[in-house]
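Chain residues, written in single-letter form:
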Amino acid sequence: MQGLKKMRMPLIFLLVALLFPLFTDNQYYIYVVTLAFIYAIAVYGMNLVGGYTGQLSLAHAGFFAIGAYALGLLTVDANVPYWLAFVLALVITTVIGTLVGLIALRTKEHFFAIYTLCVGYIIYLIIYEWDALTGGVRGLIGIESPAAIGPITFDTGISNYYLILVFLVLTVIFMKFLTESIVGRTYVAIRNSEELAQTIGINTMKQKLISFVISTFLAGLAGALYASFVRFIGPDISYTMMTFDFLMYAIVGGFGTLFGPVVGTLLIVILTQSLQFMEDFRMIIFGPLLVLLVIFYPRGIVGGYQMWKMKRAYKKKQRSVDQGSTYEGGD
Amino acid sequence: MLIETKGLTKRFGGLVAVNDVEIGIEKGKITAIIGPNGAGKSTLFNLISGYHPSSEGSITFKGEDITKKRSFNIAKLGIARTFQTTNLFETATVMDNVIVGHRLRTKSNVFDAVFRTPRLRREEQASRAKAAEVLEFVGLEHEAHRLVQDISQEAKKRVAFALALATDPEIVFLDEPAAGINPDETENLAALIRKMIDRGLTVCLIEHKMQMIMGLADHIVVLNYGKKIAEGTPEEIQTNEEVIEAYLGGGDKHAEAE
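Protein sequences, first through last, are from chains A and B. According to the UniProt record's numbering, the first sequence is numbered sequentially starting from 1. According to the UniProt record's numbering, the second sequence is numbered sequentially starting from 1.
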């Protein structure tokens, strides 16, 4: 029961997400929210390696695209059954992620960020230039929707919405179990101080690699879902701007927090859509907003909320302790 | 001897930070390493804890050669250390900071975490119990649920001690534990170090507070310009000519001689 109370907010959120399609007939709204869910899964990937392990990877749009293209090419060109292609897309992304991680993680901090930024750009160039395989700038058209699982089909917007919501919830549960365990504590210890982590017996290279590989897996998962949801992919999904969009979602929601990616992604995606009429001028609003947020809430909306709650709980506890004793002094 | 170094040398480019140092750390005793700034004390710690590879020489722990071992493997053998700066996770609770200290004695991996296997539950319980135990040992059981950023500098030092102790070490290396805290707190910290010895641990520390060292250490090693210039009991060190010279401006003469 204690745990249920703690999970109240997320459960309410889940309920709203489950009921949302019943309250709107507007397919466009459902489309936008589904897209936000997909991005949120990718942002969870970035959040794991960047927010928890402290290694800011800027290659994640690249892995997102690898997942998307792998699924697209396997289903369109190779006629592989959808769910097999889906699994293969995840395997391909993870294998490439492991290879990149093995090299990239030899660098640290800024160098790691710059290195992965370059890796991301190289992935973009490969997709853009390798016309014979990827269709280059024309992209891939006609990717099929997820194949039916038994009697459940995924050919409508609403069915896709629920399918992707299931993947998002699974991602969140996965992240919850992972980050709240001693395994997750290991990642946080590395973010906190790699030096200290090593002296308390953590093989930092191995742990960083594991978290990096999981993060590319999540980016690939999001990419594969994206491909079959939007059914058209072009090289722009691997572009650097996409990585920075993901990064912005993570920072706004709260880097290194469990629910930050969902909150940040939904908020920014919906805000971006509703400010569509302002075209590129909306950046004039976003820029300062982001700066203010980073200054006053460095751990994002969720991080700020948690901090506030933690302090309040501590004060409450202090007060009850004080009332129990004859101690009358102030702080 | 629990730890012995022979001919230990570390060069950074042309600079010889540690030069042919031979020390022995006796089990169950407090060994202090002192010397003027830049004498190579921290580098010596970094070499023993595997953070820097040595250029020459050897380090043995209980007779086993650990010269080439990496730092996380050295920690697993039972050698813990603290840093001059506490490096704690400021926006987490004291408890949360310390739990991970026992991680090296656990085997759970990502699959255990995601499927919440019995092994994970057992090891989490053990890590939490260990954290509670070491926090009580360092006298912080009441601060366990406070954020690290809200506790005093001295308490932070104790958290760093607790983190090192959570690794189940046999020997603890403390790098300037009393830096930046007041005399009363220094006295309390010295008492804690003695308590560690009483519990069967071995301690080796770097410290600049002479009063603390002279009252605390069983054995003192003096480094200057990367070389060991003296060792002995506090009484012997206090009357050692070379040590006095190194501390009281004899450095100039040393420079001229070279």
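Because the hints were derived from the structure by calculation, they are not lab data. Note that the structure is predicted; figures quoted are calculated from it, not measured. Glycine is no exception: its CB is placed at the ideal position from the N, C-alpha and C atoms. Any given hint could be a false lead.
[As the list claims (entries may be wrong)] The calculated lysine-lysine pairs, modelled on DSS-like cross-linking and capped at a C-alpha distance of 30 Å, are:
hint	chain 1	residue 1	chain 2	residue 2
1	A	Lys6	B	Lys107
2	A	Lys311	A	Lys176
3	A	Lys108	B	Lys29
4	A	Lys206	B	Lys29
5	B	Lys107	B	Lys69
6	B	Lys69	A	Lys108
7	A	Lys176	B	Lys76
8	B	Lys76	A	Lys206
9	B	Lys62	B	Lys107
10	B	Lys107	A	Lys206
11	B	Lys76	B	Lys195
12	B	Lys62	A	Lys206
13	A	Lys176	B	Lys195
14	B	Lys195	A	Lys206
15	B	Lys76	A	Lys108
16	A	Lys108	B	Lys68
17	A	Lys317	A	Lys6
[To be verified] Partial list, derived from the structure: chain B residues whose beta carbon lies under 7 Å from chain A:
hint	residue
18	Phe72
19	Ala75
20	Leu77
21	Gly101
22	Arg103
23	Lys107
24	Ala113
25	Val114
26	Ser127
27	Thr167
Given the hint that Lys76(B) pairs with Lys206(A), test it: the Cα-Cα distance must not exceed 30 Å.
holds, 16 Å
Lys69(B) and Lys108(A): Cα distance at most 30 Å?
holds, 21 Å
Checking one constraint from the list: CA of Lys6(A) to CA of Lys107(B), max 30 Å. Satisfied?
Answer holds: Lys6(A) to Lys107(B) is near 29 Å, not above 30 Å.
Holds or violated: Thr167(B) as interface residue toward chain A, Cβ cutoff 7 Å?
holds, 5 Å
Given pair status - Lys68(B), Lys108(A), alpha carbons within 30 Å:
Holds, because 23 Å separates the two Cα atoms, which is no more than 30 Å.
Given the hinted pair Lys206(A) and Lys29(B), is their alpha-carbon gap at most 30 Å?
Between Lys206(A) and Lys29(B) the Cα gap is close to 35 Å, so the pair fails against 30 Å, i.e. violated.
Distance restraint between Lys176(A) and Lys195(B), which requires alpha-carbon spacing of 30 Å or less
Violated: Lys176(A) and Lys195(B) sit about 39 Å apart, past 30 Å.
Can we keep the Gly101(B) interface hint, with Cβ of chain A closer than 7 Å?
holds, 5 Å
Hint consistency between Lys62(B) and Lys206(A) [alpha-carbon to alpha-carbon, up to 30 Å]
The hint holds at about 28 Å.
Taking the least C-beta to C-beta distance, is Leu77(B) closer than 7 Å to chain A?
violated, 9 Å
Hint validation: Lys107(B) versus chain A, beta carbon distance must be below 7 Å. Holds or violated?
violated, 10 Å
Is it true that the CA of Lys176(A) sits at most 30 Å from the CA of Lys76(B)?
holds, 28 Å
The structure shown violates the earlier hints numbered 3, 4, 13, 14, 20, 23.
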